[in-house]
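Chains as they are written, first to last, in the UniProt record's numbering: chain H, 1 to 338; chain P, 1 to 338; chain G, 1 to 381; chain S, 1 to 381.
Any given hint could be a false lead.
As the list claims (entries may be wrong) - Taking beta-carbon pairs under 7 Å as the criterion, some of the chain P residues facing chain S (in silico):
no., residue
1, 39
2, 43
3, 64
4, 70
5, 133
6, 135
7, 137
8, 310
9, 312
10, 314
Treat the hints as calculated values from the structure; they're not laboratory data.
All C-beta atoms, glycine included, are put in the ideal place defined by N, C-alpha and C.
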Amino acid sequence: MTTVAAKPATKPATMAQALGRALRDSMAEDPSVHVLGEDVGALGGVFRVTDGLTAEFGEDRCTDTPLAEAGILGTAVGMAMYGLRPVVEMQFDAFAYPAFEQLLSHVAKMRNRTRGTMPLPITVRVPYGGGIGGVEHHSDSSEAYYMATPGLHVVTPATVADAYGLLRASIASDDPVVFLEPKRLYWSKADWNPEAPSPVEPIGRAVVRRPGRSATLITYGPSVPVCLEAAEAARAEGWDLEVVDLRSLVPFDDETVAASVRRTGRAVVVHESNGFGGPGGEIAARVTERCFHHLEAPVLRVAGFDIPYPPPMLEKHHLPGVDRILDAVARLQWEAES
Amino acid sequence: MTTVAAKPATKPATMAQALGRALRDSMAEDPSVHVLGEDVGALGGVFRVTDGLTAEFGEDRCTDTPLAEAGILGTAVGMAMYGLRPVVEMQFDAFAYPAFEQLLSHVAKMRNRTRGTMPLPITVRVPYGGGIGGVEHHSDSSEAYYMATPGLHVVTPATVADAYGLLRASIASDDPVVFLEPKRLYWSKADWNPEAPSPVEPIGRAVVRRPGRSATLITYGPSVPVCLEAAEAARAEGWDLEVVDLRSLVPFDDETVAASVRRTGRAVVVHESNGFGGPGGEIAARVTERCFHHLEAPVLRVAGFDIPYPPPMLEKHHLPGVDRILDAVARLQWEAES
Amino acid sequence: MTVMEQRGAYRPTPPPAWQHRTDPAPLLPDPEPYRVLGTEAAAKADPGLLRRLYAELVRGRRYNTQATALTKQGRLAVYPSSTGQEACEVAAALALEERDWLFPSYRDTLAVVARGLDPAHALTLLRGDWHTGYDPREHRIAPLSTPLATQLPHAVGLAHAARLKGDGVVALAMVGDGGTSEGDFHEALNFAAVWQAPVVFLVQNNGFAISVPLAKQTAAPSLAHKAVGYGMPGRLVDGNDAAAMHEVLSEAVSRARRGGGPTLVEAVTYRMEAHTNADDATRYRHDAEVDAWRDHDPILLLEREMAERGLLDDDEKRRVGEDAEAMAADLRTRMNQDPVLDPMDLFSHVYAEQTTQLREQAAQLRAELEAASEEAGEEAR
Amino acid sequence: MTVMEQRGAYRPTPPPAWQHRTDPAPLLPDPEPYRVLGTEAAAKADPGLLRRLYAELVRGRRYNTQATALTKQGRLAVYPSSTGQEACEVAAALALEERDWLFPSYRDTLAVVARGLDPAHALTLLRGDWHTGYDPREHRIAPLSTPLATQLPHAVGLAHAARLKGDGVVALAMVGDGGTSEGDFHEALNFAAVWQAPVVFLVQNNGFAISVPLAKQTAAPSLAHKAVGYGMPGRLVDGNDAAAMHEVLSEAVSRARRGGGPTLVEAVTYRMEAHTNADDATRYRHDAEVDAWRDHDPILLLEREMAERGLLDDDEKRRVGEDAEAMAADLRTRMNQDPVLDPMDLFSHVYAEQTTQLREQAAQLRAELEAASEEAGEEAR
Ligand SMILES: Cc1ncc(C[n+]2csc(CCOP(=O)(O)OP(=O)(O)O)c2C)c(N)n1
Ligand SMILES: Cc1ncc(C[n+]2csc(CCOP(=O)(O)OP(=O)(O)O)c2C)c(N)n1
Ligand SMILES: [Mg+2]
Ligand SMILES: [Mg+2]
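Bound conformation, chain H alone (with noise of 0.2 Å):
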């Protein structure tokens, strides 16, 4: 599930700690890195991904705000004003809803409104998506919300090497970026060399998780890996599924995506987050007018329902898994139909 190569001095690591690490990092190489959130501090996040912070760099590089989270980010921007890169933790998705006026309406237009005179270096991180049994209010997928939002960039990872090359250049970047954290891959396991980490991904390129001929499933976060499943269940029915793993949904690779179309001629995209007004759509529309007349059959979404986020009861239901990627696979119009 990683594409770091295995080093003698690697071991096995969580994409939480490899997002420590990268946060670590971040504040090391750079002071004017500053982290913020709600319980970052002694706590080490309820995800447990600032562990240890505040212990190295002192309260004043990682702070335990007040409960308030427009008040986080709209202070966020402040310090970015003044030069500090902060990076913002959001405890869970449905939690960075009371900062989407802050997020809307300044941090995606300032550099814009400016001129470019007042860049806002500030990275977001939302854990997000469900499958961890999490109650209501606690499993939202809001890459929608994000990805209509000009000025954004919207990052995602998948592995733990990724998780700390994309923080890494989240962090980096001089334009404010959301960078979404698959909760359920937050304990995913990969080795990994924490003295040697994986090289800085750039941000906007997607990658080719798996080759195959068949067909594309176009995908990230959560849902990589499951694909990644799907695509090994496919080859029982003699299916051989590429599965593109974006990474980076603003800006998003039309050059990696329309490639692999362009190659398998059917396409599948798969996500967590509601399929209606989902990202899926976008996928779908951009891929099928760049490569209308390679493909062999509409390009198909599996994806949540259009529903609220189930209850942990009921969440398996919903989440797009295994067979219902294959039924979408067997959907494909491998006899011609027309």
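Keeping the supplied structure of chain H fixed, place chains P, G and S with the ligands upon it in accordance with the hints.
Chains P, G and S with the ligands in isolation, oriented as in the chain H frame:
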């Protein structure tokens, strides 16, 4: 531009007047309908839609609130819990953002989380879109956010008659409706009889505003008149364009839209909202899913650019106009190219 | 000498708009938290009320320990315990009449139970079979609110609607010290005061918002001092003193019912357990601090008072304990049964009427489930 | 008798957490707005400062009338006039040192100009050629903020960053009475107090938020009474008294600079014009109310004081008036020229580096513009 047949007593009315009349008639008919918002009282709202309501129904029925959008929508939730039907006015699109948490985490979810025992019949009126020379934060097209939120209905009129009918239907709905009012059509006029207003339109039905055979323009709200103009202009080029006015983004009228595209074989989605992550992606994707083998060309999109809304003097370059629509129609592969 | 008399030729008037709207003095809280138990005021407390409070506190404590135990057995997704805060929870429920409304936060399952809801139904959210386990209108209890402070404007709106109706109904809304930092807290209190809505805001200041101590949450003299900024009275109470809590909340409720407008009550208390069963409190606080509160336990305080007044004998204590045990045993039994769930419910309550899209999706899931059960059936054969 | 002495055997201690964090008394505002002009305090005012204030007020008034005139000529998209509020606007600018930062709201163009920005550049937003007409870092002036109260947390964050750096920089943030109802106001003041950030909040209470009068905005004794709820001092000032405004703001700024933390200042003033040129104030207020304020005009108050002290002769008055006219004439001339705009700028500042998508869209617009200008050229031929 309106479907209402001229009757003896009709006279020209603006969309703002028809909306005001819809509020008035709803309030007169049902004492549980309450209007609240900033400046909706003595001033009659900054667009004068609520003009006269406080005078007729008193301050308790049409209430000037403190200046706090989350507070307005949040208190409306409580009022609805107690059996009232609040109609909330957000002064401008971007000023609805502070209320997003209330909208996303409560308004959209309350019926579902209480197994249907606590429906919230709230109408949230949001003036949206540009073209009125407004300074920044006054011209956002925020429909993508609402569309991506299950549990909401999203409705937007394009004619004087629909303004009346759809607003009546929205207020009468037992579900929350985000009612998007195209700012630049507030002053659009049509012959209309306020004493015998148009029948109440059901929510969720698109309408063919102009039949045609060459291709379908799929659009809504402020872009409907632009598409009709484009269709007129297209006749000179030999294209007979059909124009579908969606009227409701949620629920989406797949049947009407797909029937049109199956007939014409070509489609362009037109809206003001940013293209990337905007409604057009969803619409193009679902049309393609349903009409793939009828399509002579990929469904194209003509939308606002992927930029923050421009300042007044530059907005004309951003808004989809007749020429840009015709350019897209021209790219619908009229000669076989595959 | 007034400003009018200060000068010779030129005597400006004050700004025309200037007039006092409200006298701030009565809105300010007392400097010390109000207490009843162990003070002279206790003598006036109704013995019946004290007995009732005692029984509810004991039952509440038992409920908390039972629910926490259920998390360990995997029967609850999560439980935020109110151990140590039972006096607040119980008093909030008991201060209300049946027609009134309660707006609990996610920690306030106990208040919901003390108000009379079936102890098992109160846990539906935390068990994970649905989001809310009761009909809010039937019980006049809003859903437990997870997004902090968002329930406060709901309470205000409902109270406002009740005032317009003139039916004398009052809303009581609960929030934590951390929740007071949210914009929704501010907007709710402001609307309430402007509208003179019959609503009582109860802040349980339990010292922490997860790991964040009060000193990082506010620099105010007290949270009750926020009230004057909205033009409503602020009251400061010892939140572990059930009699004081009941008295202050009851006063605020009847003030609201009389048309006197909203009140902000700050209860000073302490969260004895970790934030939830998933939390590790040793990361951010010392046992010594927790221990300092053990002697100020709400049950202990009430027990001592009642003992001193001869209101609690061993028989009564035993009986109360047994009732609580019976409640816990019943809860345990019922929570140990797997709930029967219908996945198709996912589509039933999104809208009043299912959209075409939801019907299609429901059909898809139904087909999947049928295929799966057929497969299971075949395998079984 | 303290609670400790009240009882016999059972003497409970107060809740262990209970300790006063801040003494509320010094945080509360005086009951009447502070004034200098026309009082004994005026004698202490520096004549040079009064002259400076006078010149700025006159210039500011002229700026307001000129900008409003420009809306009638279609040269501005909209103008929210601060006529009647010039003392607040000018004092805010003058209380700051060059290194300090100003966070204006959408009505505060005048404060921006009084701080030294080119009067034409301050109008870019309202003219409509771009969103902000200056480099905020160069002038240490944040963009004029349209979404109300959202600029307040920015000011707090910047001041916090400055405090961490230890460079003695202070931020002053402006907001209206209506803006105080927003959650962002609350969150900003709370963060500021917890962080002891060097920031001053200036609320211009001009009686209205568009059409909504203060009484529908708040039930508080005064807006300055909100301060105690955050643990910062609240000051109430006559906002039409330039000397009082300057004194109170300067004190608050130096207090912040000394490390004394934030201050909330409420200036009681009045909006003499409609909300903007597009508004019709007759719908919601009577002329009589406006007239009552004419005798409390900030220029009049200062003029009377200076006349009484012999600080203002006709020569000086004329010179100040001529300077203001020259500024207005220059502004008029420059604003009457059409700005030269490049539509391709739409794509230049969205991101540090243009995305592929934006490059494609920019190419599309460029092609359209070229085609249009070719067509225009052909037609001209
Ligand atoms: C809007 C929002 N932000 C963040 C959270 C995550 N969260 C849950 S409980 C909690 C702390 C609450 O503290 P407090 O208000 O003092 O209540 P307590 O837990 O002490 O009862 C936080 C930050 C949330 N539920 N809602
Ligand atoms: C968040 C937000 N909501 C609504 C508006 C629309 N609006 C613009 S000015 C205004 C009134 C502001 O009143 P106040 O804060 O008292 O400032 P003043 O206009 O009196 O200077 C309103 C409601 C806005 N700009 N921002
Ligand atoms: Mg707490
Ligand atoms: Mg005002």
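Honestly, which of those hints from before does the structure not fit?
-> none
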